[in-house]
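Chemist: Chain by chain, the residues:
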Amino acid sequence: MTEAIATIALAGNPNAGKTTLFNALTGSRQHVGNYPGITVEKKEGFVDMPSGAVRVIDLPGTYSMTAYSQEELVARDFLVKERPQGIINVIDATSLERNLYLTVQFLELGIPVTLALNMVDALESKGIRIDSDRLADLMRLPVVRTVARSGLGVREALQAALTHPRKSWEPLSISYGPDLDPVLGEMTKLISGTGFLADTYPPRWLALKFLENDLVVRQLFEADYELHRRLRDMADEVARHCEKTLKTQPEFLIADYRYGYISSILRQGVLTVMPDLQGRADLSDKIDAVLTHQVAGPAIMLAILYGLFSVTFTLGEVPMGWVEAAFARLAELAGKMPPGLTRSLVIDGIIAGVGGVLGFVPLILIMFLGITFLEDSGYMARMAYMLDRVFRIFGLHGSSVVPFIISGGIPGGCAVPGVMAARTLRSPKEKLATLLTAPFMACGAKVPVFILLAAAFFPEHGARVMFLITLAGWAAALVAAKMMRSTIIRGPSTPFVMELPPYRMPTAMGLVLHTWERGWQYIRKAGTVILAIAVLIWAMMTFPGLPQEKAAPYEAEMSGIREQLQAETGEAARGELEASLAALELRLKEEALTHSLAGRLGQAIEPVTAWAGFDWRTNIALLGGIAAKEVIVSTLATAHSLSDAENSDFAGRIASAPGWNTSVAVSLMIFVLLYSPCFVTVVAIAREASWGWAAFSVVFNTAFAFALATATYQLGMSLGW
Amino acid sequence: MFFCKTKDTADGVRTLNDLKDGEKAVVRCLSRSQGCHLSKLTAMGITPGTEIEMLSNSGGPLLVLVRSSRLCLCRSLGQAVVVE
Numbered sequence: 000m001t002e003a004i005a006t007i008a009l010a011g012n013p014n015a016g017k018t019t020l021f022n023a024l025t026g027s028r029q030h031v032g033n034y035p036g037i038t039v040e041k042k043e044g045f046v047d048m049p050s051g052a053v054r055v056i057d058l059p060g061t062y063s064m065t066a067y068s069q070e071e072l073v074a075r076d077f078l079v080k081e082r083p084q085g086i087i088n089v090i091d092a093t094s095l096e097r098n099l100y101l102t103v104q105f106l107e108l109g110i111p112v113t114l115a116l117n118m119v120d121a122l123e124s125k126g127i128r129i130d131s132d133r134l135a136d137l138m139r140l141p142v143v144r145t146v147a148r149s150g151l152g153v154r155e156a157l158q159a160a161l162t163h164p165r166k167s168w169e170p171l172s173i174s175y176g177p178d179l180d181p182v183l184g185e186m187t188k189l190i191s192g193t194g195f196l197a198d199t200y201p202p203r204w205l206a207l208k209f210l211e212n213d214l215v216v217r218q219l220f221e222a223d224y225e226l227h228r229r230l231r232d233m234a235d236e237v238a239r240h241c242e243k244t245l246k247t248q249p250e251f252l253i254a255d256y257r258y259g260y261i262s263s264i265l266r267q268g269v270l271t272v273m274p275d276l277q278g279r280a281d282l283s284d285k286i287d288a289v290l291t292h293q294v295a296g297p298a299i300m301l302a303i304l305y306g307l308f309s310v311t312f313t314l315g316e317v318p319m320g321w322v323e324a325a326f327a328r329l330a331e332l333a334g335k336m337p338p339g340l341t342r343s344l345v346i347d348g349i350i351a352g353v354g355g356v357l358g359f360v361p362l363i364l365i366m367f368l369g370i371t372f373l374e375d376s377g378y379m380a381r382m383a384y385m386l387d388r389v390f391r392i393f394g395l396h397g398s399s400v401v402p403f404i405i406s407g408g409i410p411g412g413c414a415v416p417g418v419m420a421a422r423t424l425r426s427p428k429e430k431l432a433t434l435l436t437a438p439f440m441a442c443g444a445k446v447p448v449f450i451l452l453a454a455a456f457f458p459e460h461g462a463r464v465m466f467l468i469t470l471a472g473w474a475a476a477l478v479a480a481k482m483m484r485s486t487i488i489r490g491p492s493t494p495f496v497m498e499l500p501p502y503r504m505p506t507a508m509g510l511v512l513h514t515w516e517r518g519w520q521y522i523r524k525a526g527t528v529i530l531a532i533a534v535l536i537w538a539m540m541t542f543p544g545l546p547q548e549k550a551a552p553y554e555a556e557m558s559g560i561r562e563q564l565q566a567e568t569g570e571a572a573r574g575e576l577e578a579s580l581a582a583l584e585l586r587l588k589e590e591a592l593t594h595s596l597a598g599r600l601g602q603a604i605e606p607v608t609a610w611a612g613f614d615w616r617t618n619i620a621l622l623g624g625i626a627a628k629e630v631i632v633s634t635l636a637t638a639h640s641l642s643d644a645e646n647s648d649f650a651g652r653i654a655s656a657p658g659w660n661t662s663v664a665v666s667l668m669i670f671v672l673l674y675s676p677c678f679v680t681v682v683a684i685a686r687e688a689s690w691g692w693a694a695f696s697v698v699f700n701t702a703f704a705f706a707l708a709t710a711t712y713q714l715g716m717s718l719g720w
Numbered sequence: 000m001f002f003c004k005t006k007d008t009a010d011g012v013r014t015l016n017d018l019k020d021g022e023k024a025v026v027r028c029l030s031r032s033q034g035c036h037l038s039k040l041t042a043m044g045i046t047p048g049t050e051i052e053m054l055s056n057s058g059g060p061l062l063v064l065v066r067s068s069r070l071c072l073c074r075s076l077g078q079a080v081v082v083e
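Just so you know, the protein sequences line up as chains A and B, in that order. Per numbering that gives the first Met the number 0, the first sequence starts with residue 0, numbered consecutively. Per numbering that gives the first Met the number 0, the second sequence starts with residue 0, numbered consecutively.
A few of these clues could be false.
[What the hints assert, rightly or not] Computed Cβ-Cβ distance ranges for the label pairs, DEER-style:
{"no.": "1", "chain 1": "B", "residue 1": "G58", "chain 2": "A", "residue 2": "R503", "range": "27 to 37 Å"}
{"no.": "2", "chain 1": "B", "residue 1": "V12", "chain 2": "A", "residue 2": "W168", "range": "40 to 50 Å"}
{"no.": "3", "chain 1": "B", "residue 1": "G58", "chain 2": "A", "residue 2": "A52", "range": "47 to 57 Å"}
{"no.": "4", "chain 1": "A", "residue 1": "D47", "chain 2": "B", "residue 2": "G58", "range": "21 to 31 Å"}
{"no.": "5", "chain 1": "B", "residue 1": "G58", "chain 2": "A", "residue 2": "R523", "range": "41 to 51 Å"}
[Said to hold, decoys possible] Simulated crosslink set (SDA-like; lysine to any residue; CA at most 25 Å straight-line):
{"no.": "6", "chain 1": "A", "residue 1": "K243", "chain 2": "A", "residue 2": "R228"}
{"no.": "7", "chain 1": "B", "residue 1": "K19", "chain 2": "A", "residue 2": "V389"}
{"no.": "8", "chain 1": "A", "residue 1": "K80", "chain 2": "A", "residue 2": "A66"}
{"no.": "9", "chain 1": "A", "residue 1": "K246", "chain 2": "A", "residue 2": "I173"}
{"no.": "10", "chain 1": "A", "residue 1": "K335", "chain 2": "A", "residue 2": "E323"}
{"no.": "11", "chain 1": "B", "residue 1": "K23", "chain 2": "A", "residue 2": "L270"}
{"no.": "12", "chain 1": "B", "residue 1": "K19", "chain 2": "A", "residue 2": "G296"}
{"no.": "13", "chain 1": "A", "residue 1": "K481", "chain 2": "B", "residue 2": "R74"}
None of these hints come from the bench; they were simulated from the model. A virtual CB, placed ideally from N, CA and C, is assigned to each residue, including glycine.
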């Protein structure tokens, strides 16, 4: 890692162009990780400046520095714990007043701030003029005008931050009026007197946060019982006073004075707004008139989603084929190994498992490219706005639609990128409900099961079955979301306020970097986990191996046939012999499967699964499907002693197989649609929420699916289907 | 001042939810019912004295123009913003 001469953090409101500025500064020399334990992304990079390499951190975008959201806490903790040399506060110049609200809070913390007045190119058309020299004088900090998209002023901003006149932290103190100033002064004196947390936070800032009812800061003080009690008494008293005389709380009084301070600066000739240009509809408004139109808006949205979806799966198919072909070639090479456990582990376990996962990588990259485009262009926020009224009924958020669609809201999706896309949701309860219900959608790996069963039992109505299955997925997701939101994730819907950023053409660099970093996380993390799972499943279907005395009769018969085969020359007789050899091999395989752990498990749970009409062979397939849904059809085939090559008439055979009828088929389709997410999805859920919730999704979804499948089967049987 | 006095929240007071499309108003105060989420509103620029323009109010979430940025907020928050 490069030795850095200084660390500079980038901070500012969401949509102010922070990440664009970060990309312009660092280019590809950046690294994305997560802050420990949470899914807020941590981006850092290095920039070569004349004086040496500078480490730049892109902090999450925030509107203030309260303790109400993870992003705000992360930004705050980083500043006080890592103490960067300074921050570049990226400001959307077209919305100066609101952006400075955060700046004031940085200044109160004391960190040397450099303002990057971003998007200055948009000022003129909006009729806004900003005197940046005057702003710099009045706020006593360097101000640099930038256009991050084109890179204008970007390095100058970093240079200004490095040569900031203030080298140490000097908290700004602004007046909070006659009601708060006296008590603020007393509290500050009390805190600095004890020297509590003196090396981390400025005492006045702590006092302010205490008055603002900041839970995290209040918790810090609990370490000193006496100090905490005295501060609390003071805070309570002033709160009572504000309540009585002003009908307000200190928290809001503080916000009011901050805006007052900002407007007193802006009024001194910093900001000039030409009224005749104000309110003139700009390009964004014109686009919005169409894209968020009451009638046309939703129609266009559906078209865009459908387009994104079909582009992903048509474009993705090609490179997916390459990856699959590469793994098939690898399996072929591995086939040259001597037969035995090692070969089986390499081919059936490692190559099949890891290959299955890596096959999704092209899909994921293309999907994320599309989503990143929708996000960066500003359209995603509009989608959430339009869908919110429908989804709110079910306790979800408008933004939930994207994870749903990607997971298979239109059949063929994949829950792994779907669950990862839930990251864009900001309200924790809605996010959790989305994460847990998105896997109900008809993902691409489940589709072959539906096709197979539809072909076997509803040969004339394949399309209608797929359509009904898709609807069932949506209905189940929305109903389950509603169920969870009225029980375990209960709570009023999180009130939300969200900015709709002006439409912008995303920068190519931003798109590529963002897509790649998401894709790479998938390859690395899911890849390592899936390897372990694949080996585990393989072992369960292999061990304990068939005892010699049981395998011996088959092997004796098989070697007998092989000998005959060598002697035989007649074409027809050879074919017959080869067929009976293949049949024997499959019967041996089935015998081994029955004997294996997976086989025994399948038989052990048969008494229960029989309620839904599933026999032990189906059980093995379903257990395998927890690893990856793709496994279901192939395992069913193996368990029914049929090779993959015979899949084409597998449908016919299954339709006539004992124990199978229409009720079983419908019950199985419902179960496959809804039961436990596949393992990669479970891992993704654990990463976005927690292992506890991931485990919950396995148990809940399976129980939910089983209840519905049992009801369907019993109803079907009683109707004599 | 920042918060609504009792008389401000009496019947007949208009909130953001009552504004029609294209209508402009000035924020008078924020009513206390929504607790901590009000600080989010203040951080996003909805404070007393601010001019606010309703872009779309059609039963679902509200779309407003405040301090030259477009904000989308749910109706329960809109209810908390008293305008005149």
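Chemist: Next step is simple, just say for each hint if it's right about the structure.
Modeler: Against the structure, the hints come out as follows:
1. At about 29 Å, the CB distance of G58 (chain B) to R503 (chain A) agrees with the hint of 27 to 37 Å.
2. Take V12 (chain B) and W168 (chain A): their Cβ atoms lie about 45 Å apart, and the range 40 to 50 Å holds.
3. G58 (chain B) and A52 (chain A) have their C-beta atoms about 55 Å apart, which keeps the hinted 47 to 57 Å range intact.
4. D47 (chain A) and G58 (chain B) have their C-beta atoms about 54 Å apart, which leaves the hinted 21 to 31 Å range violated.
5. The given range of 41 to 51 Å is respected by G58 (chain B) and R523 (chain A), whose C-beta atoms sit roughly 45 Å from each other.
6. Between K243 (chain A) and R228 (chain A) the CA atoms are separated by roughly 22 Å; this keeps the pair inside 25 Å, and the hint holds.
7. With a C-alpha separation of about 21 Å, the suggested pair K19 (chain B) and V389 (chain A) falls inside the 25 Å cut-off, and the hint holds.
8. Proximity of K80 (chain A) to A66 (chain A) is assessed by CA-CA distance (about 16 Å); at most 25 Å being required, the pair is judged to hold.
9. For the proposed pair K246 (chain A) and I173 (chain A), the alpha carbon gap of about 22 Å is at most 25 Å, so the pair holds.
10. A distance of roughly 19 Å separates the Cα atoms of K335 (chain A) and E323 (chain A); the hinted pair therefore holds under the 25 Å criterion.
11. About 22 Å separates the Cα atoms of K23 (chain B) and L270 (chain A), which keeps this hinted pair within 25 Å; it holds.
12. For the hint linking K19 (chain B) to G296 (chain A), the alpha-carbon distance of about 20 Å falls within 25 Å, and the restraint holds.
13. A C-alpha spacing of about 20 Å is found between K481 (chain A) and R74 (chain B), which places the hinted pair at or below 25 Å, so the restraint holds.
Hint check: a violation occurs at hint 4 only; the rest are consistent with the structure.
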